[in-house]
Amino acid sequence: MENLEGLEKEKTKRKKEYHKPLNKKTIRKKLNSSKYLLILFAPVLLYYLIFHYVPMFGIVIAFKDYNLFKGVLESEWVGLKYFQMFIESPDFFNLLRNTFLLGLYNFIFGFPIPIIFALLLNELKNMYFKRFVQTLSYLPHFISNVVVASMVVVFLSPSGIINRLISFLGIEPLNWMIMPEMFRTIFVTSEIWQHMGWEAIIYLAALTSISPQLYEAAEIDGAGRFAKLWYITLPGILPAIFIVGILNIGKVLEIGFEKVFLLYNPVTYETADIISTYVYRVGLVQGNYSYATAIGLFLGVISFIFLFGANYLSKRFGQESLW
Amino acid sequence: MKKTKITPFTFVISILLLGVAFVTIYPFLHMIAVSLSGDVHVMRGEVNLIPKELTFKNYEHVLSDPRIVTGYLNTILYVTLGTTISLIITAMGAYALSKKEMFFRKGFMIMIVFTILFGGGMIPTFLVVKSLGLLDTIWAMVLPQAVSTWNLIIMRTFFSATIPKELEESAKIDGLNDLGIFARIVLPLSKPVLATIGLFYAVGIWNNFILPLLYLRDDALYPLQVILRNLVLVEQMADVSGGDAVVVQESIQYATILVSTLPILLLYPFLQKYFVKGVMIGSLKE
Numbered sequence: 005m006e007n008l009e010g011l012e013k014e015k016t017k018r019k020k021e022y023h024k025p026l027n028k029k030t031i032r033k034k035l036n037s038s039k040y041l042l043i044l045f046a047p048v049l050l051y052y053l054i055f056h057y058v059p060m061f062g063i064v065i066a067f068k069d070y071n072l073f074k075g076v077l078e079s080e081w082v083g084l085k086y087f088q089m090f091i092e093s094p095d096f097f098n099l100l101r102n103t104f105l106l107g108l109y110n111f112i113f114g115f116p117i118p119i120i121f122a123l124l125l126n127e128l129k130n131m132y133f134k135r136f137v138q139t140l141s142y143l144p145h146f147i148s149n150v151v152v153a154s155m156v157v158v159f160l161s162p163s164g165i166i167n168r169l170i171s172f173l174g175i176e177p178l179n180w181m182i183m184p185e186m187f188r189t190i191f192v193t194s195e196i197w198q199h200m201g202w203e204a205i206i207y208l209a210a211l212t213s214i215s216p217q218l219y220e221a222a223e224i225d226g227a228g229r230f231a232k233l234w235y236i237t238l239p240g241i242l243p244a245i246f247i248v249g250i251l252n253i254g255k256v257l258e259i260g261f262e263k264v265f266l267l268y269n270p271v272t273y274e275t276a277d278i279i280s281t282y283v284y285r286v287g288l289v290q291g292n293y294s295y296a297t298a299i300g301l302f303l304g305v306i307s308f309i310f311l312f313g314a315n316y317l318s319k320r321f322g323q324e325s326l327w
Numbered sequence: 068m069k070k071t072k073i074t075p076f077t078f079v080i081s082i083l084l085l086g087v088a089f090v091t092i093y094p095f096l097h098m099i100a101v102s103l104s105g106d107v108h109v110m111r112g113e114v115n116l117i118p119k120e121l122t123f124k125n126y127e128h129v130l131s132d133p134r135i136v137t138g139y140l141n142t143i144l145y146v147t148l149g150t151t152i153s154l155i156i157t158a159m160g161a162y163a164l165s166k167k168e169m170f171f172r173k174g175f176m177i178m179i180v181f182t183i184l185f186g187g188g189m190i191p192t193f194l195v196v197k198s199l200g201l202l203d204t205i206w207a208m209v210l211p212q213a214v215s216t217w218n219l220i221i222m223r224t225f226f227s228a229t230i231p232k233e234l235e236e237s238a239k240i241d242g243l244n245d246l247g248i249f250a251r252i253v254l255p256l257s258k259p260v261l262a263t264i265g266l267f268y269a270v271g272i273w274n275n276f277i278l279p280l281l282y283l284r285d286d287a288l289y290p291l292q293v294i295l296r297n298l299v300l301v302e303q304m305a306d307v308s309g310g311d312a313v314v315v316q317e318s319i320q321y322a323t324i325l326v327s328t329l330p331i332l333l334l335y336p337f338l339q340k341y342f343v344k345g346v347m348i349g350s351l352k353e
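Sequence lines, in order, name chains F and C.
So the first sequence is numbered by my numbering: it starts at 5 and just counts up by one.
So the second sequence is numbered by my numbering: it starts at 68 and just counts up by one.
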């Protein structure tokens, strides 16, 4: 209780400080005393302004008919024309569905697997074996998307190793990369293969912070392996599971452009084409800048709501958040 | 006195985890074996984990391809230049943000974190890069992603958690300003985090594909990843619609893949230690 009161006091104190009227003198004083820090910060500030904030203002071309020669400011306003065009386009529903489904499947399968992997590793008593498996499992995380996609495509080629393996089971060779119904499975599997070990790190860290005394006490009380798992291990990593889960839901729509772009082809567009790859083709390949910006903004706004909501939730539940 | 008994439970778990380890490493071992084997054995599909009729001719073929050589040199240039610039800028900015007395610190932090949530998107960013005249220059590979917000926050957390305040204060009394403190005291004390973040940047640039895809058209500037994609993916996709003369190509494709990821594989035992450290610092609370 005391702590809570103290915390409240601290909070109001901070609020007061924050709302202290700043007069020109104090600002100038503060500016002067941190002038060297500002010099150190200047390159980062410039970077964020040029490569993040100027593009944000560049979004206005979504509401204009951007003309290369007239420039951003001089081009004519067209209001919501391009948004309407996108929503009415025959690709709209498909793109929205593909983006959502790919993200959703990636979450449903990609989220629990690292947890299970960490729990399994945690059961190992042999430290050398544990370290060996763990160290090996990060490896694919450092391999580029181009390499992973190349491996996938060559392994799944008509004469590739996967087809040779399934031919032992009497299955005819398939041309996997041109089967739209296989795209999501291939994508999600490759994502799991690539990132499972890496994503388990946070859970393994949480597992090591559980006090061994808890386990010893439970053993004295006669708890078995599963009782310990259920009553000690899982509650111990629940906060980590919770925060990672919420943040991952927030990132559902932020599917890696590179991987999809490298794995898809016109034959699989019907399941593989997502909003960001579509933006690339409409904008950079066809040069339709305004339309592509409008589509990008459409995704950006939905994605923002997801991320913001996720962060709000995790803050609400007293967990860490992005800010 | 604890003695580990091998119970059936531990046995099953060990088998499962061995399976995970196998699935992780098998693709690499298979590619190595095939790329080192004679064509006949590859065509018959006989090679699995052990090379048959050991030969280096696939590697000779790959390494004599001028595109691979150019790609390699370009990538090394981009990684060196990019890592240096990114690391310096990030360290400077992170240090400034770690100081409580920094002017408008909170505002700057909000401004930076906001970019995680929302951005201009592909096309507006492209237009900015274009109007700066960076298209088809080495700077297109260095500047547009020069600072990673994640790395900046890791470094800031590190600085505010590990640099003793007393040290900085006494340096200030000795007449050093913030620039001097940063260069003479903070940097020498931060070698581990500099190494970690430097490696994050280096691997990020080595593996980057989206920057050259968006901003480079001139094939003399292509980094390895683009060359690799053109050699393996584009040709493979072409073969999907073409005939079935793919078979022997497989070993050359594997050799190409391995050559382009070799530095990462070789450095891996060293890299992973630093990377895990980075994740741990990142998960610290301020």
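Since the hints were derived computationally from the structure, they do not count as laboratory data.
Among the hints, a few may not be true.
[As the list claims (entries may be wrong)] Here are the computed lysine to aspartate or glutamate pairs in the EDC-like style, where the Cα-Cα straight-line distance is at most 16 Å:
#, chain 1, residue 1, chain 2, residue 2
1, F, Lys39, C, Glu168
2, C, Lys239, C, Asp286
3, F, Lys34, C, Asp132
[Stated by the list, open to error] Cβ pair distances, simulated, as ranges:
#, chain 1, residue 1, chain 2, residue 2, range
4, F, Phe246, C, Glu113, 30 to 38 Å
5, F, Val289, C, Pro133, 42 to 50 Å
6, C, Met347, F, Trp234, 37 to 45 Å
7, C, Val90, F, Tyr316, 36 to 44 Å
8, F, Pro239, C, Ser198, 50 to 58 Å
9, F, Lys319, C, Ala287, 48 to 56 Å
10, C, Thr216, F, Leu178, 26 to 34 Å
11, C, Ile92, F, Val289, 52 to 60 Å
12, C, Asp286, F, Tyr316, 45 to 53 Å
13, F, Glu80, C, Val90, 32 to 40 Å
14, F, Leu178, C, Ala287, 55 to 63 Å
Note that the Cβ used here is the ideal one computed from N, Cα and C, for glycine as well.
Hints the structure violates: just list their numbers, smallest first.
-> Failing hints, ascending: 2, 3, 4, 5, 6, 10, 11, 13, 14.
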